[in-house]
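Could you put together the complete structure from these sequences and hints?
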Amino acid sequence: MTTSYQTQLPAGSHWSFVMRSGSALTLTDVAGGANVGMLFYNPENLLERYNAPDTLKCQHTFRLTAGHCLYSDMGRIFCGIEADSFGWHESVCGTLNAQQTAALFGSSDYQQARNQRHQNGYDSFLVELAKYGLGKRDMAACINFFAQVRADDNGTLQREQQGAQGAEVRLRFAMDTLVLLHTCPHPLTPGGDYPRAPLGLQIDAQRAPLPEICLQRAENQRGLRNNALYQLQGEL
Amino acid sequence: MIKESLLNPAEAHVQQQIGAGDYWLHRIEKGQTLRITDLEGNQAADTLFFNADDTAERYSMSDTLRGQHNVFLTAGSVLRSNDDRPMLTIVADTCGRHDTLGGACATESNTVRYDLEKRHMHACRDSWMLAVAEHPEYGLTRRDITHNINFFMNVPVTHEGGLTFADGISAPGKYVELVAQMNILVLISNCPQLNNPCNGYNPTPILVSVW
Ligand SMILES: [Zn+2]
Numbered sequence: 001m002t003t004s005y006q007t008q009l010p011a012g013s014h015w016s017f018v019m020r021s022g023s024a025l026t027l028t029d030v031a032g033g034a035n036v037g038m039l040f041y042n043p044e045n046l047l048e049r050y051n052a053p054d055t056l057k058c059q060h061t062f063r064l065t066a067g068h069c070l071y072s073d074m075g076r077i078f079c080g081i082e083a084d085s086f087g088w089h090e091s092v093c094g095t096l097n098a099q100q101t102a103a104l105f106g107s108s109d110y111q112q113a114r115n116q117r118h119q120n121g122y123d124s125f126l127v128e129l130a131k132y133g134l135g136k137r138d139m140a141a142c143i144n145f146f147a148q149v150r151a152d153d154n155g156t157l158q159r160e161q162q163g164a165q166g167a168e169v170r171l172r173f174a175m176d177t178l179v180l181l182h183t184c185p186h187p188l189t190p191g192g193d194y195p196r197a198p199l200g201l202q203i204d205a206q207r208a209p210l211p212e213i214c215l216q217r218a219e220n221q222r223g224l225r226n227n228a229l230y231q232l233q234g235e236l
Numbered sequence: 001m002i003k004e005s006l007l008n009p010a011e012a013h014v015q016q017q018i019g020a021g022d023y024w025l026h027r028i029e030k031g032q033t034l035r036i037t038d039l040e041g042n043q044a045a046d047t048l049f050f051n052a053d054d055t056a057e058r059y060s061m062s063d064t065l066r067g068q069h070n071v072f073l074t075a076g077s078v079l080r081s082n083d084d085r086p087m088l089t090i091v092a093d094t095c096g097r098h099d100t101l102g103g104a105c106a107t108e109s110n111t112v113r114y115d116l117e118k119r120h121m122h123a124c125r126d127s128w129m130l131a132v133a134e135h136p137e138y139g140l141t142r143r144d145i146t147h148n149i150n151f152f153m154n155v156p157v158t159h160e161g162g163l164t165f166a167d168g169i170s171a172p173g174k175y176v177e178l179v180a181q182m183n184i185l186v187l188i189s190n191c192p193q194l195n196n197p198c199n200g201y202n203p204t205p206i207l208v209s210v211w
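Here the protein sequences come in this chain order: Z and U. Sequential numbering from 1 applies to the first sequence in the UniProt record's numbering. Sequential numbering from 1 applies to the second sequence in the UniProt record's numbering.
Hints may be right or wrong, so weigh each one.
Capping the alpha-carbon separation at 35 Å, the derived lysine-lysine pairs in DSBU-like fashion look like this [as the list claims (entries may be wrong)]:
#	chain 1	residue 1	chain 2	residue 2
1	U	K118	Z	K136
2	U	K30	U	K3
3	U	K3	Z	K131
Not the full set, but computed from the structure, chain Z residues with beta-carbon under 10 Å of chain U [claimed, not checked]:
#	residue
4	P53
5	L56
6	C58
7	F62
8	R63
9	Y71
10	D73
11	I77
12	W88
13	V92
14	G94
15	A130
16	K131
17	L134
18	G135
19	R225
Hints in this document: simulated from the structure, not taken from any laboratory. Backbone N, C-alpha and C define an ideal beta-carbon position, used for all residues, glycine too.
What follows is the structure in structure tokens.
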């Protein structure tokens, strides 16, 4: 039986996978400068999905890093960030659509450039959502991994860093989770050349519980209790 | 940014008080002006906007923040849709700052934030669920309930990346006024939150006016 899987996604691509409770997903910024937009859904009830505001306010944080949990809109934990060598991922800037991407990097479609086209995160999410019967109405604010975005006292947003060569983040899943992701540019990317940093992806199936680092906050202990209550319902 | 309105309340077509814990679902036409008034101070009006002619298009926190490169909403802010189109513009604001990061209270997130046994307490998301259930004519469902605006709430971000729920900067009579750039469905939950010190544990009514 396969217990692990490793691959590399080029920039401007998309992917989805159901992660089982206890398994781990490791993202690696192979060359430096990667961006990963990610959304989560409950595969047993696709109406339950990642909620960025709940995630941020439950942990009184604007940045996401090791020790933080990523919450559904039902008060449950999809996964915890078990390890993170980058230190700052953001969850409010969303994803660029085709027009915004063309405005920043120029338009380049499949007919012109084949798979080097300037693919956008919005269409990437739509493609993956459609595979599960979901659509535009189901798209929420995503996480953008490897994007450090700060707000100053006046609330002005500034993207300070995008990725770092070799940076790694590992997610440990606390319930079965449908993961959708794209490797398209971050919304606050300055214009110019379309970013081409690839993403390393590793899935480890061996089961481990949510690590201690994710359970230091009382809020996350309560979130995990909500997961346990959900498990009590048994298999649907 | 503090900017006062020139509109006369006596000339409004609609003037309706919404009690704490109630919702208001109403259609306004392109070009109309909506004012929300915080009657007693430090109340939160948790608000969603939809394109009334195609509800799959709705207010988007991300597109709005990206569009203005700022986390706060105030006079001059353009509220953008998930299709990155302008939906409404804030044209007057005597409060000065409104939040769109904090989301709405929900029975489920209350169990995480406060206590597992707070599940029975009334929350904004339940008001929205009742609104979509009582008004099937608009075609809204749970799928359409996404990230909202919290008018009159102050949620600053620290340099280190913390999120704080600061004391209210609103006061009795403060208001925010918006002009619709398309036909809009407005869905407000006047927040019933009894666990957050921001409102002094005393949810109070708001007034909505339409010109
Ligand atoms: Zn509320």
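Verification of the supplied hints:
{"no.": "1", "hint": "U:K118 with Z:K136", "result": "33 Å, holds"}
{"no.": "2", "hint": "U:K30 with U:K3", "result": "22 Å, holds"}
{"no.": "3", "hint": "U:K3 with Z:K131", "result": "47 Å, violated"}
{"no.": "4", "hint": "P53", "result": "2 Å, holds"}
{"no.": "5", "hint": "L56", "result": "5 Å, holds"}
{"no.": "6", "hint": "C58", "result": "5 Å, holds"}
{"no.": "7", "hint": "F62", "result": "5 Å, holds"}
{"no.": "8", "hint": "R63", "result": "3 Å, holds"}
{"no.": "9", "hint": "Y71", "result": "7 Å, holds"}
{"no.": "10", "hint": "D73", "result": "7 Å, holds"}
{"no.": "11", "hint": "I77", "result": "9 Å, holds"}
{"no.": "12", "hint": "W88", "result": "6 Å, holds"}
{"no.": "13", "hint": "V92", "result": "6 Å, holds"}
{"no.": "14", "hint": "G94", "result": "2 Å, holds"}
{"no.": "15", "hint": "A130", "result": "14 Å, violated"}
{"no.": "16", "hint": "K131", "result": "17 Å, violated"}
{"no.": "17", "hint": "L134", "result": "9 Å, holds"}
{"no.": "18", "hint": "G135", "result": "8 Å, holds"}
{"no.": "19", "hint": "R225", "result": "6 Å, holds"}
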